[in-house]
Amino acid sequence: MARLQLEHLVKQYGRGGDPAVKDLSLEVNDGEFVCLLGPSGCGKTTTLRMIGGFLKPDSGDVRIDAQSVVNQPPERRPTAMVFQRYALWPHMTVWNNVAFGLQVRRRPRDEIAQRVEAVLELVGLPSLGRRYPQQLSGGQQQRVALARALVLEPRILLLDEPLSNLDAQLRVYMRSELTAIQRRVGITTVFVTHDQEEAMSISDRIAVMNAGVLEQMDAPEEIYARPATLFVATFIGTMNRLDATFDPSGWLRAGPFLLPVPSEMRLGPGQTVVAGFRPEDLELSASGEGVPATVESDIDLGHYRRVSLRADAASLLAFVPKALHPEPLAAPRVSPRRVLIYADGRLAGVIEPPAGAGDRTAQAVPAVVPRQSLP
Amino acid sequence: MSSATETAPVKKEALGGAGSAGLKLMWFWDVPEFRRGMGLILVFGLSCFLLLPLLTLLLWAFTDEWRYPSVLPQSYSFKWWEWVFTNGDVGSAVRYSFMTAPVVTVLAAVICLPAAYSFSRFQFPGRRALFVSLLAANAFPRIGLYVAIATLFFRLNLMGTFWGVVLIQLVGTLVAMVWIPAAGFDSVSRELEDAARDAGATPLRVFWSITLPLAMPAIIVACFLAFLAAFDEAQGTLIVGSPQIVTMPVLMYTLVVNYPEPVGAIFSILLSAPSVVLLLLARRFLLAGYLAAGFKGR
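In the order they appear, the protein sequences are chains A and B. The working numbering numbers the first residue of the first sequence as 1 and each following residue consecutively. The working numbering numbers the first residue of the second sequence as 376 and each following residue consecutively.
Think of the hints as simulated: they come from the structure by calculation, not from any bench. We treat Cβ as the ideally placed atom computed from N, Cα and C, and that holds for glycine. A portion of the hints provided could be inaccurate.
Partial pick of chain A residues on the chain B-facing surface, computed with a CB cut under 10 Å [what the hints assert, rightly or not]:
no.: 1; residue: R49
no.: 2; residue: G52
no.: 3; residue: P73
With the rest of the complex left out, here is chain B (with noise of 0.2 Å):
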């Protein structure tokens, strides 16, 4: 009788070893405590991968003279801020990169909007072939495919002019200029359009009163992308306008290479502004009452 009331939990204990024995070297998962802390450990820990380079990069802009074994900069000064903002390529970078990357997102809008109203709103052969062939571009490396068009841009005369250096940046805009409004004029029900037929608007007034303000959000947002997309292209503008047209990232290259840590520093800073900027506005476009609603509507 006593022996097999002991032998019964001795039996269970030997059938749930294999078992346990594996999950005890992973004891701590079961600790409350600890799966709560992970999340802290984890956000902490991408915080320090993402934010510790920039703060570098702030210190560096601020730096006089930073040796080695010091974990701080011995001095600070603004004189390389001075340097850069003085500097005549630099000013003239500026001025290249602020004239190319609004020209290169009003003509992507005007090319991508109505490719992109007709691959959402009409069935056509090869739609599906077409929508999916955008992402060619980036299918292989862009420095392959930027020399062949230059080639191509050599014969045209189109090597070191304006136009040249908009269209090598038109390239890499075209994805998320068709993609992400398309997705925008999907999200505009057929029955909101069949409303306003109804109530008398013919197809066009539908389209400028009910479906552009619906997609707006979406439109805005793919603009901001297609800016920055054309405000960051190095590779492309380097082959193609170099050395007439030297835009902010292609000059970055030289001087990072030519002068002193804070310069690339300043510069990197310079570079990233209307990144923030517009990333901020994108935030409150998205979140402003009715656009928001309009997203979030269906």
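Chain A extracted, bound-state conformation (with noise of 0.2 Å):
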């Protein structure tokens, strides 16, 4: 249906200061999901508002079907939008709510009434077209503003943050609800979020921005095994970060450990790096291999442990599953299973497993040599 595509879009509010919006590009596939996913103030609704129309990019061009939009106030662009707070008009209808866009377009009143019926029916309020916003509770004026979104059929749909204002549980549901619509229209849609969770739960890629700036754009296993920067790695899910340095005797010492150089990566005696790794990638073993470390604390979360611990100078937080360490350790010892390298803030290289020790049960990172052993 549609592609999307934004290129080298800039941004700045009021004169001097940072550009809320520096040197954007990215492209949104044909019936995507695409989240735009960051801080507050990272520039990801200013991205979202530039694309329905609604604010004006200094520089840069937003081109949907290879078509240039960028000119186009909001009312002649082919896209929707749903807004944070739902935006309903408290003065009319439901039914009205949803009509007004076609109304607008002079379409015939059977034609209205066929397309206004089948779209409530479509996000699932059939019987509500006589009540009046304020008469809904929060999830059904999400649904509203949904159906009043999809009902002019736009090519693209833009969701600033349509599901903050809503209670976890709801949360959960009506994402699900999102994407079954989604998938069922088949839309290009592009997704403004905070919430990593959401993100990583709903959609197709991930675009991950941090002022201003995209930092990486890729599915959500992939930016979460394998974060572009040091940004996405320690705002994705949880990290832990050791600054490392090159050792003249060919490892990277990063903290208590030391960790064999990947072989992609180029590196100069004494250069300062940061290794990486989920805190489930944290072998922890009551013997054998390792480097010794203590437990701080260790929290029963359910149907895994979050275990605090201090191998020489270096905190490290480690998710061990019951089903392999059914007892907390008293001194275990510890030894990182994949370690990603980051070089002046970017990813430089990734120490995998060994073929084979996919499983939870085999041992850690061969290669990963506690320095005691070391000569």
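With the hints in hand, could you dock these two chains into one complex?
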């Protein structure tokens, strides 16, 4: 249906200061569900408003199906937006809220009636047409806002943190509803959120933004497994971070660990990098491989335990599956299985566990040698 | 041992003594019944203050004879009502009042509503200063302003004319007609307008379909207030209009001075009738379903 391209978008509010969006380029494929994810003030809503036509970029282009729309006002763009606070018109019934866009377009009466009924059916509110928005619950208002956007059959659907005003349970439910509707309609969708769990669970691809810059755009699994920048690594999920230096002996010295240098990396002696690994990638064992560590706290979170550890001067976090270690370990030995190396804030290499070590019971990365055992 | 236990409570009392002695005078504040009663007493006092004069007015309107020591009139009659309704001056005053007030209201709306919208939606140099300067007409005694305007009207041949009266009555309506609708436009959030743009409406369509209907309660209330301000205006109308144009409030002066009390009372009731009707209407408008929701919605 539609393909969205943002090319070198720049937007600066007021004079001086940092631009809200700096040279942003990205593409959203036909029928794709993309999340713009980032902390507040990262420029994600500004970007969305530029796509919708509510803000004019200082430079750059917005293309829909290769056609530039950057000079068109919102009413001429083939986009429809669901606003954060729904922005339903309080003086119109639900039916009229949904029908408004069609009435503006002077569609025939029967067609309007038919399309409004159909879209209210689609969002699951077939019988509430005569109510006023303020008589509906938050979740229902949300559906009306979605219906109002979908009834115009836009080529791009824009959603500005639409779930942030719902309570936690409803949010998770509406999340699956939203993806189900999006899949059924097959519409190209851009969704703005600051909630990484939300982004991970609903998007085909996530665009992580920070300070007006696109840090990484990838599938959720890829973003989690191979965060392209140190910002993404720490913003998405939890990451143990250790400053690492290149040792003349040919190893990377990261806190208590000595790590092999990934083959794709070229490091000069003395160069400082950052080593990062997920808490679930920190292997604990009662004896054998690894660096001795002391347990600072051990919290049972149901299906896993959250263990805070200290090894030398480094504090580490580990998520330990209870199936593997049913009882807390008093003095475990620790070693990271899979380590990401960041040079100048960007991913420079990955130390993967060797093949065959995929299952949890396998030994830790054999290449990771405890410092003590080195000559 | 025993002396120690005795002195302790005495000391306590001595410490708290200074404060509690002062409070003792107001002991009744601590009685819950009194506190609850206080509200009733205040409400009763206020209603007496507001309603007793009105009650006296009503009594006077139907009085035939009411001499000093008696609490109630000696005899009642409708004869002064008949007199008021058959009096030619009263008829023409009513006519002029109901001609000028609506014209003033419409003119005020035409002039002030675009101004109110601009104050609410646009940023321009001097915006705040202009907004506050609308109060200027209320900042010093009106009578001085009216006399100054009258000298100008003399030269423009507006004295004693219908449009002269309309213009002078317009002065008192400006503040309400700009400030209240401006607040009404303010209360329509930008997001509601953006949503309409997004649905395909042009800026003009957005104004007619979204902004204006949502600001309507404020505009209606402002129109009511403007109408009442024009309807009750006496000083300016007296200076500019009389003797050719005499509206009801102006005639009131003459009637109160020259005729027995019942005439003034009856005329007061006639004069207050539109206010009562409009206030009841305003209440209905403000409470009616979606309009109220438009106000509360934010």
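So, going through the hints one by one against the coordinates:
1. R49: Interface hint status for R49(A): holds (9 Å vs cutoff 10 Å).
2. G52: 6 Å, holds
3. P73: 7 Å, holds
Hint compliance for this structure: every hint is met.
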